[in-house]
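Asker: Here is how the chains run, residue by residue.
Protein chains: 2
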Amino acid sequence: MQLNTATPEQLRQWESELLSEYENLKQQQLNLDLTRGKPSSDQLSLSDALDGILKGDYTAADGTDTRNYGGLDGIGEAKALGAELLGVNGDEILVGGNSSLTLMYLSAQTAFNFGLNGPDSAWNKQEKVKFLCPVPGYDRHFSICEQLGIEMVAVPMLSDGPDMDVVEQLIKDDSSIRGMWCVPKYSNPTGIIYSDATVNRIAQLGNIASPDFRVFWDNAYAVHDLNSEFEELANIMEACRKHGTESSVLQFCSTSKITQAGAGISFMGASSSNLSAVKKVLSIQSIGPDKVNQLRHLRFLPNKEAVLTHMQKHAALLRPRFECVLKNLEEGFGGTELGTWEAPEGGYFVSFDCLPNVAKAAVKLSADAGVKLTPAGATFPYGNDPQDRNIRIAPSVPSVEELDTAMKVFVTCVKLASVQSKL
Amino acid sequence: MQLNTATPEQLRQWESELLSEYENLKQQQLNLDLTRGKPSSDQLSLSDALDGILKGDYTAADGTDTRNYGGLDGIGEAKALGAELLGVNGDEILVGGNSSLTLMYLSAQTAFNFGLNGPDSAWNKQEKVKFLCPVPGYDRHFSICEQLGIEMVAVPMLSDGPDMDVVEQLIKDDSSIRGMWCVPKYSNPTGIIYSDATVNRIAQLGNIASPDFRVFWDNAYAVHDLNSEFEELANIMEACRKHGTESSVLQFCSTSKITQAGAGISFMGASSSNLSAVKKVLSIQSIGPDKVNQLRHLRFLPNKEAVLTHMQKHAALLRPRFECVLKNLEEGFGGTELGTWEAPEGGYFVSFDCLPNVAKAAVKLSADAGVKLTPAGATFPYGNDPQDRNIRIAPSVPSVEELDTAMKVFVTCVKLASVQSKL
Chain A
0 MQLNTATPEQ LRQWESELLS EYENLKQQQL NLDLTRGKPS SDQLSLSDAL DGILKGDYTA
60 ADGTDTRNYG GLDGIGEAKA LGAELLGVNG DEILVGGNSS LTLMYLSAQT AFNFGLNGPD
120 SAWNKQEKVK FLCPVPGYDR HFSICEQLGI EMVAVPMLSD GPDMDVVEQL IKDDSSIRGM
180 WCVPKYSNPT GIIYSDATVN RIAQLGNIAS PDFRVFWDNA YAVHDLNSEF EELANIMEAC
240 RKHGTESSVL QFCSTSKITQ AGAGISFMGA SSSNLSAVKK VLSIQSIGPD KVNQLRHLRF
300 LPNKEAVLTH MQKHAALLRP RFECVLKNLE EGFGGTELGT WEAPEGGYFV SFDCLPNVAK
360 AAVKLSADAG VKLTPAGATF PYGNDPQDRN IRIAPSVPSV EELDTAMKVF VTCVKLASVQ
420 SKL
Chain B
0 MQLNTATPEQ LRQWESELLS EYENLKQQQL NLDLTRGKPS SDQLSLSDAL DGILKGDYTA
60 ADGTDTRNYG GLDGIGEAKA LGAELLGVNG DEILVGGNSS LTLMYLSAQT AFNFGLNGPD
120 SAWNKQEKVK FLCPVPGYDR HFSICEQLGI EMVAVPMLSD GPDMDVVEQL IKDDSSIRGM
180 WCVPKYSNPT GIIYSDATVN RIAQLGNIAS PDFRVFWDNA YAVHDLNSEF EELANIMEAC
240 RKHGTESSVL QFCSTSKITQ AGAGISFMGA SSSNLSAVKK VLSIQSIGPD KVNQLRHLRF
300 LPNKEAVLTH MQKHAALLRP RFECVLKNLE EGFGGTELGT WEAPEGGYFV SFDCLPNVAK
360 AAVKLSADAG VKLTPAGATF PYGNDPQDRN IRIAPSVPSV EELDTAMKVF VTCVKLASVQ
420 SKL
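These protein sequences, in sequence, are chains A and B. Every letter in the first sequence is one number past the one before it in numbering that gives the first Met the number 0, and letter 363, counting from 1, is 362. Every letter in the second sequence is one number past the one before it in numbering that gives the first Met the number 0, and letter 391, counting from 1, is 390.
The list that follows gives simulated cross-link-like pairs (lysine-lysine, DSBU-like), each with its CA atoms no further than 30 Å apart:
hint: 1; chain 1: A; residue 1: Lys278; chain 2: B; residue 2: Lys363
hint: 2; chain 1: B; residue 1: Lys312; chain 2: A; residue 2: Lys54
hint: 3; chain 1: B; residue 1: Lys279; chain 2: A; residue 2: Lys359
hint: 4; chain 1: B; residue 1: Lys127; chain 2: A; residue 2: Lys127
hint: 5; chain 1: B; residue 1: Lys359; chain 2: A; residue 2: Lys278
hint: 6; chain 1: B; residue 1: Lys407; chain 2: B; residue 2: Lys421
hint: 7; chain 1: B; residue 1: Lys278; chain 2: A; residue 2: Lys363
hint: 8; chain 1: A; residue 1: Lys127; chain 2: B; residue 2: Lys279
Simulated coverage check for chain B against chain A, where a stretch passes if three residues somewhere in it have a Cβ under 8 Å from a Cβ of chain A:
hint: 9; region: 95-102
hint: 10; region: 255-269
These stretches of chain B come out as covered by chain A in the derived footprint (C-beta under 8 Å, 3 or more residues):
hint: 11; region: 59-71
hint: 12; region: 291-297
If you are wondering where the hints come from, they were derived from the structure by calculation, not from laboratory data. Ideal Cβ placement from N, Cα and C applies to all residues, glycine included.
Could you put together the complete structure from these sequences and hints?
Answerer: Here you go:
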């Protein structure tokens with residue numbers, strides 16, 4: 000199919016063929032969901048030993064009774080694991096409840112309303128506050144900005160991270176920029192890893208941006224590799240120390256996609272001055288996180304090595320699903336102009352770019368045929384993909400067989416919407 | 000000791016006797032803590048069966064896999080228990096994580112920044128926002144107000160609840176009042192229960208206050224009775240329905256002092272319009288609460304009846320401690336002018352009012368003798384007890400023997416500080 004050089008007759012012929020294929024697929028009355036990056040039931044079962052693992056011993060290594068109040072920033076052994084995962088010092092870590100999103104919100108709220116460096120540094124002292132948002136990106140990040148009234152500025156995502164020429168220029172030109180969202184490893188949704196050079200340039204932003212500028216480094220997929228051989232993500236805190244910008248980056252991760260998605264534990268890594276500002280606000284909202292669940296997690300996965308071993312079991316379940324998606328994309332669109340995608344080595348998503356003005360129509364066709372996808376546009380600030388091109392595919396939940404069926408629907412829908420966009 | 004009629008010689012004689020008694024007590028080098036309302040280790044052990052109770056079955060009654068993402072307001076069976084505990088309908092409940100304080104903060108933050116009834120209802124649209132704070136009260140409530148910049152207006156606490164004549168008058172006179180803190184059963188710290196008449200008057204405040212006024216009804220001690228015979232707290236939501244003020248009250252409770260203090264589950268009861276405003280803000284901060292822990296709790300305590308049976312075991316541990324405190328107060332101060340107190344039928348505290356200008360000095364003397372008490376003033380807004388009279392005693396953690404020793408120190412310190420205040 001060469002759509003640009005096709006005659007109207009040829010296009011109509013293709014449309015009619017694709018329509019009949021589409022109607023056949025519809026007959027199957029599918030009900031499949033590729034919308035969110037959730038672990039499958041089999042993945043969740045890998046951690047079923049968590050409940051009951053304490054065997055009546057609720058005491059942390061330092062003697063803390065985890066059942067009682069106290070300990071705003073978590074138990075010692077959980078802090079040690081978090082520091083290992085995020086590559087920070089032992090005094091640069093806070094361990095939270097079941098959601099790293101909550102820690103990101105807390106950090107943004109602290110910076111916005113109270114300031115990470117005293118009251119004068121509060122972002123709301125500025126008339127306008129802006130954030131850089133590499134796109135496509137993660138909708139829940141964008142929602143935090145939207146709720147706080149932070150204006151989002153889209154930045155193109157390349158295959159080695161955000162376009163740093165654009166990022167640096169924007170920061171130099173616009174003093175109202177106060178932050179940037181990053182998912183540095185297996186980026187949501189494009190699946191790429193930030194290169195060492197990109198990490199190093201991000202670590203230097205603290206030297207050209209406002210002193211109140213913060214990179215929100217959401218390392219959600221820090222250990223979520225599909226293969227045993229993988230590219231290492233450079234340590235951002237180490238790079239910051241080299242450039243004297245330790246306070247410019249706030250790191251986050253959680254065990255949501257390591258153990259139980261709704262019942263894991265979360266980590267924040269940051270300079271001790273950032274952490275103490277955040278803890279001051281947190282202390283008004285909470286007496287402390289669920290330390291019992293932290294202890295359960297540490298008994299189950301006592302260190303990073305244990306985490307990595309555990310993650311191989313996830314990889315074994317996820318790998319065939321990613322292979323299935325990529326095989327279908329290759330068969331459907333290889334060598335055509337209809338779509339481009341990356342082949343991620345980890346994470347939870349495959350990001351697909353169709354021709355302009357095709358994504359929304361393809362997602363709609365797909366939903367009508369019983370295959371739900373993340374709404375087109377969701378990967379952009381304000382839900383607005385200006386070219387209407389990006390579709391996020393989340394392959395973790397369906398079985399490989401279901402996924403194969405869903406991808407056949409997807410391919411047909413993208414082709415049909417592409418042809419119809421030219422008619 | 001009749002301090003007011005005593006001669007200076009008599010006072011000095013008493014001081015010297017008390018000082019020698021005090022020095023003897025100091026020799027014991029005690030290290031006892033009566034500062035916070037925490038369950039004792041024995042109380043916490045009553046719920047040790049929580050970990051492991053799921054026996055591999057993580058599925059809620061409606062088929063929800065509690066291990067995965069989703070379900071912003073909790074699982075069905077937890078909602079049913081919360082509705083029973085707070086006396087609200089099934090659609091008037093939200094179940095949260097390990098802290099009801101977090102739900103109170105979320106509610107205050109929602110009302111302050113975003114409005115519980117649309118953006119125009121946001122409290123921050125007003126130049127000045129005030130809250131009524133019955134005193135003595137709970138310091139963590141006051142901290143929320145202080146952080147949000149809400150001005151606190153103290154209201155006297157009587158033996159049947161806040162002085163409602165004062166409350167109603169203040170609300171009529173001052174349109175900037177947007178809320179009131181209440182701990183209606185076994186009030187923190189005075190231990191009293193709001194009478195039916197008081198509950199009924201509070202339910203009518205919604206008809207005289209701003210439409211954006213909310214009572215924060217922290218029913219932290221809803222089932223924390225020391226005796227099997229106890230005064231019932233009137234159902235505030237029922238009273239509100241009678242007066243058409245369902246949206247004027249936000250209720251909270253948790254299992255912190257039922258199961259594990261740091262690892263329980265929390266509940267919010269409110270009209271569905273209040274809940275939907277709160278959930279809109281919550282959905283930006285979190286994908287949902289820890290549903291696995293909710294399920295654990297419901298397997299352990301499936302309904303209110305089971306909760307009440309469980310609470311009798313707590314009562315058996317707490318009762319002798321309260322008796323010890325009251326016996327020491329009676330022996331030390333019965334029939335004197337040196338102090339007044341209530342005899343609570345539940346909760347976690349005994350509140351003691353000394354003579355004016357004595358509390359701080361007594362707490363300091365006590366700390367120097369190894370018995371830590373909640374800082375004097377902490378039970379008042381801004382930490383400022385204008386008469387310097389109130390001391391909160393939290394007897395749950397020490398053993399009865401330790402507590403008896405601590406109370407002897409307390410009595411001596413109050414007497415000594417009282418005498419010294421007259422010299």
